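A.B. asks: Chain residues, written in single-letter form:
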Amino acid sequence: MTSTPGAEPASGSSLLRFATIGSVDDGKSTLIGRLLHDTKQLFDDQLEAVASASRRHGVEGVDLAFVTDGLRAEREQGITIDVAYRYASTPRRKFVIADCPGHVQYTRNMATGASTADLAVVVVDATTGLREQTRRHTCIAALLGVRHLLVAANKMDLAGWDEATYRSVGDEVDALARRLGMATVTVVPVSALLGDNVAVASTRMPWYRGPTLLHALEEAPAGAWAHEGDGGARLPVQWVVRHPGGGRSYAGMVSGGTFRPGDDVVVLPGGQRSRLTSVETFDGPLDEAPASLSVTVRLDDELDVSRGDLIAPAGSSAEVVREFDATLCWFADPPVEAGRRFRIKHTTRLTPAQTVSVLSRLDVGSLELESTSALGPNEIGVVRLAVGTPLAVDPYRANRVTGSFVMIDEQTNATVAAGMVGVPEFAAVPQR
Amino acid sequence: MTNQIGFYPFPDRFDRFQMAKISGATRNDIGAAHMTTTIDAQAGGTGRPNAPPSPDHLDLLEAHAVFVMREVAAECERPVLLFSGGKDSAVLLRLAEKAFRPGRFPFPVMHVDTGHNFDEVLEFRDKAMAGLGEELLVASVQDSIDRGRVPDPGPGGSRNRLQSVTLLDAIAAHGFDACIGGARRDEDKARAKERVLSFRDVFGQWDPRHQRPELWHLYHGRVRTGEHLRAFPLSDWTELDVWQYIGREHIALPSIYFAHQRPVVERDDMLLAVSEWVVPNPDEVVEDLTVRFRTVGDATGTGAVRSHAHTVDDVIAEIASSRVSERGATRADDRFSETSMEDRKREGYF
Chain A
1 MTSTPGAEPA SGSSLLRFAT IGSVDDGKST LIGRLLHDTK QLFDDQLEAV
51 ASASRRHGVE GVDLAFVTDG LRAEREQGIT IDVAYRYAST PRRKFVIADC
101 PGHVQYTRNM ATGASTADLA VVVVDATTGL REQTRRHTCI AALLGVRHLL
151 VAANKMDLAG WDEATYRSVG DEVDALARRL GMATVTVVPV SALLGDNVAV
201 ASTRMPWYRG PTLLHALEEA PAGAWAHEGD GGARLPVQWV VRHPGGGRSY
251 AGMVSGGTFR PGDDVVVLPG GQRSRLTSVE TFDGPLDEAP ASLSVTVRLD
301 DELDVSRGDL IAPAGSSAEV VREFDATLCW FADPPVEAGR RFRIKHTTRL
351 TPAQTVSVLS RLDVGSLELE STSALGPNEI GVVRLAVGTP LAVDPYRANR
401 VTGSFVMIDE QTNATVAAGM VGVPEFAAVP QR
Chain B
433 MTNQIGFYPF PDRFDRFQMA KISGATRNDI GAAHMTTTID AQAGGTGRPN
483 APPSPDHLDL LEAHAVFVMR EVAAECERPV LLFSGGKDSA VLLRLAEKAF
533 RPGRFPFPVM HVDTGHNFDE VLEFRDKAMA GLGEELLVAS VQDSIDRGRV
583 PDPGPGGSRN RLQSVTLLDA IAAHGFDACI GGARRDEDKA RAKERVLSFR
633 DVFGQWDPRH QRPELWHLYH GRVRTGEHLR AFPLSDWTEL DVWQYIGREH
683 IALPSIYFAH QRPVVERDDM LLAVSEWVVP NPDEVVEDLT VRFRTVGDAT
733 GTGAVRSHAH TVDDVIAEIA SSRVSERGAT RADDRFSETS MEDRKREGYF
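Residue numbers (this note's numbering), protein chains in the order written: chain A, 1 to 432; chain B, 433 to 782.
The following block holds chain A by itself, in its conformation from the complex:
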């Protein structure tokens, strides 16, 4: 027996969430299709469907991009429009894969896929090197907190399996990754089309002695999302549970640290102090509630606590702000300028907000902030925001939950921006 899609990895292995990013036509979907195919994660009927779709769309052979490009419009045009999620497992670990689109106009969908990723697989056409869109995606991944890059120097078959080409991609990526503050970078020369160094080691590039892409994925640090930040535990109140016998408890998902019964806490933005008398789930009381668990807690005082409030340790609480600077990825067509009104969803709170001013735009080529008065679609920049309800925030780099928000159009309810509290650390303000 060699093939069992979806089988369970050995116990003790962890979960890695990764997103594929990079420019259009550099081969992201083909690479994921190849990875799933060569690791036998595809069922027979799925493979047959991909083969018959390839024939129907006039593709020679089997187009492995169809494994994730499942929408009618995607197959017609041979592009990825929205992120596809796939699930895979090896004896080493489980994977949640977000295959992201490359087109500039679908940057919002790429950001969706990358926002929960531990690691980004940057797919680069080795014959052309990094494009502006590759830089934009890598930059957005860095802003979103991705600190581990796995670079697939793709289309090595077209590059004649040439070591110098690979090295040139590696040098470009290395320079960019350092500027963006990445923690690790691994560059693997691959051919997604032919499978070299994806799951199976290539025999055509004897000069390369590193891991395959799959092996690198199995070795990469996982769980960065859950372990992000050390600024103290946070519990945004989601739901107030009223108990039949009287009393209330507060439900929410823990981030940033661990809560324990007996902890001294503060409820923000009001600032009331209290103590946790219990931390529990449906299944009973807990001695401790680590990040990523959904729990309910009880406080020892009868306080006025409701949805949107934040429970934090008394010793390391969040900052309460009415006005703050944040980095935006702007998704909507009409540009954002000073004086525009929105709704903001921050943790479990919805509040009216206004742009006080647009401070700067990030040049994704030079990684410099340049002054501006508006951000256009798919641009990244820094704005000053005023909010109708005080918010308890942390810098995004300290806590991805209390440091993030989305902006919502008041008329259409469209999500028009992703926001991160603070300014990008890597961006230089040019000397004038």
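FYI, nobody ran anything at the bench for these hints, they're computed from the structure.
Because the structure is a prediction, the values reported are computed rather than measured.
Watch out, some of these pointers could steer you wrong.
Derived contacts from chain B toward chain A, CB cut-off under 8 Å, selection only [unchecked claim]:
hint: 1; residue: H489
hint: 2; residue: V498
hint: 3; residue: R617
hint: 4; residue: Q637
hint: 5; residue: D639
hint: 6; residue: D668
Label pairs and their calculated CB-CB ranges [what the hints assert, rightly or not]:
hint: 7; chain 1: A; residue 1: R209; chain 2: B; residue 2: D639; range: 46 to 52 Å
hint: 8; chain 1: B; residue 1: G535; chain 2: A; residue 2: E337; range: 28 to 34 Å
hint: 9; chain 1: B; residue 1: D775; chain 2: A; residue 2: A164; range: 47 to 53 Å
hint: 10; chain 1: A; residue 1: V24; chain 2: B; residue 2: D775; range: 46 to 52 Å
hint: 11; chain 1: B; residue 1: K559; chain 2: A; residue 2: G262; range: 39 to 45 Å
hint: 12; chain 1: B; residue 1: E509; chain 2: A; residue 2: G181; range: 56 to 62 Å
hint: 13; chain 1: A; residue 1: R248; chain 2: B; residue 2: G607; range: 24 to 30 Å
C-beta: ideal position from N, C-alpha, C; glycine also.
Once you have looked at the hints, place chain B on chain A.
C.D. replies: Then chain B, alone, in the frame of chain A:
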């Protein structure tokens, strides 16, 4: 061996590969040419001293699903939980208990009833709901047919696609602005593209080309009158995850999910249970086979699989070695065309 995925073995020279940790190096070469750079030596590891034991995979899936349910309940005016009697909706009911007990569910439970049910599924539905003490609504496809909302496909015709109309009518009649469902991204290539909170316009349509960005775990539930959301707390669960959770939580299921003997006919490469709606044609052979159902849907379009899996553990072992996907094995409705699921979802399907 059968529970292990087969991999091409890694060549020996990679076995001792370790990620390089060269803090502050401007460039590093390991071997002839191998670019791995650890720029920040502090950031390579994930463990912290005295870190609590990490929640396992199922704990994380459960915590996220509970989070989604609470967000929908808090943000939407009139949510409803869709219950089919299948395994995924049985898991949803347990997750709703985890999210809201000791309180009541902040939404009713609704079954869209095709009228072509397996008896075991209806029995299970009524027993499960009685045990929970929550409100059950039934939206009936037969009613839609009787009122002329949809054409009658005839006694043996599939009513699967008709459910969309019945569902949308029920959403309008009750004023629901969010439907919590058990669909998973691993079921189908169109579902693989869908958001956890998925927007529907006033016609109930999904527009896969213009989905709302959905970053982090910030699920925003605002819709205008007549629009609604579909919420999928099990988005990131696989078939195997669902079964492992059923095992861990001792969740009861309709007996047809486990091996049993019943008369079946083979039709369109599927084993259909003989019933008042599936009447064998003169040229079809009725066989008494040991089968189970991998999914539960309209009895005219849901195939059985040959199986000797009598327990949850047996089922887990069986699907771990299966070469055919869950829907590929059992659903006639996904075989109409390359994009049947996408097309049905555009019309308002689950």
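A.B. asks: Hint by hint, say whether it matches the structure.
C.D. replies: Status of the hints after comparison with the structure:
1. H489: Result: holds, 6 Å to nearest chain A Cβ.
2. V498: holds (4 Å)
3. R617: Constraint on R617 (chain B) satisfied, holds at 5 Å.
4. Q637: violated (14 Å)
5. D639: D639 (chain B) check fails; min Cβ-Cβ to chain A is 11 Å, beyond 8 Å.
6. D668: holds (6 Å)
7. A:R209 to B:D639: 46 to 52 Å: Hint holds: Cβ distance 48 Å, inside 46 to 52 Å.
8. B:G535 to A:E337: 28 to 34 Å: Roughly 45 Å apart at Cβ, these two residues miss the hinted range, so it is violated.
9. B:D775 to A:A164: 47 to 53 Å: Once the Cβ atoms are compared, 49 Å apart, the range 47 to 53 Å for A164 (chain A) and D775 (chain B) holds.
10. A:V24 to B:D775: 46 to 52 Å: Violated, since V24 (chain A) and D775 (chain B) (Cβ atoms, about 26 Å apart) do not stay within the stated range.
11. B:K559 to A:G262: 39 to 45 Å: This hint holds: roughly 42 Å between Cβ atoms.
12. B:E509 to A:G181: 56 to 62 Å: violated (43 Å)
13. A:R248 to B:G607: 24 to 30 Å: About 29 Å separates the Cβ atoms of R248 (chain A) and G607 (chain B), which means 24 to 30 Å holds.
Hints 4, 5, 8, 10, 12 from the earlier list are contradicted by this structure; the remaining hints agree with it.
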